[in-house]
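The sequence shown begins at 1 in this note's numbering and counts up one residue at a time.
Treat the hints as calculated values from the structure; they're not laboratory data. This structure is a prediction, so every number in the text was calculated from the model and none was measured. The beta carbon of each residue, even a glycine, is placed where N, CA and C say it ideally should be. Warning: the hint list may mix true and false statements.
[Stated by the list, open to error] Computed Cβ-Cβ distance ranges for the label pairs, DEER-style: (1) Arg78 <-> Ser36: 20 to 28 Å; (2) Arg61 <-> Tyr155: 12 to 20 Å; (3) Arg78 <-> Ala115: 14 to 22 Å; (4) Glu162 <-> Ala115: 18 to 26 Å; (5) Thr42 <-> Ala115: 19 to 27 Å; (6) Ala11 <-> Val53: 31 to 39 Å.
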Amino acid sequence: MLSEPDLLWSASARQFFAYWDSLPKVDFVPDRQDFSPSRIATLMPAVTILEVVSEDIILQRLTGTTVCRSLGFDPTGRSVADLMSPLLWPDYREMISLQLSVPCGRQNMLRSRRANLVDRAEVLVLPLRHARSGHWMLLSYFDELAPVGYDPGPYEILGYEETRWIDIGAGVPEASGRK
1 MLSEPDLLWS ASARQFFAYW DSLPKVDFVP DRQDFSPSRI ATLMPAVTIL EVVSEDIILQ
61 RLTGTTVCRS LGFDPTGRSV ADLMSPLLWP DYREMISLQL SVPCGRQNML RSRRANLVDR
121 AEVLVLPLRH ARSGHWMLLS YFDELAPVGY DPGPYEILGY EETRWIDIGA GVPEASGRK
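Please build the complete structure, drawing on both the sequences and the hints.
This is the structure in structure tokens:
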């Protein structure tokens, strides 16, 4: 078991990390079949699972009800590229590639626009393997949103700020200009 990262701000993010850390692992990463939503039922409304099919195809496989409410729709089954600014997509793909190259955890502040408001939220992202498909998955917990500004327009992910890598035993990515 890893020690709880001190960079996690909320008690619920720490609880989410502790659950992930309790799962059996091969090469530092649990398999999707060992993830049981019922074990973290109170956190599941704020959880998402992404499937990394390829560098260009990342699909939303599960979206908690709180996340859906914040978005104003259910993005399950959609491409993650459809949810973010096209200018952000190349940097996001690089961030995912870096995270899975080691593998490691990641904590960010997510900046998004919804209902004409710009929000920030702490996001904890941890890797999963999906042995049956051979794909990586990303298990994410979204903490409470905090409005920080006004920007008219539809839902869109505007940026990831304050990226911090979490060593889960395999190290963290080399510096690549990204914090």
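Structure versus earlier hints - violations, ascending order: none
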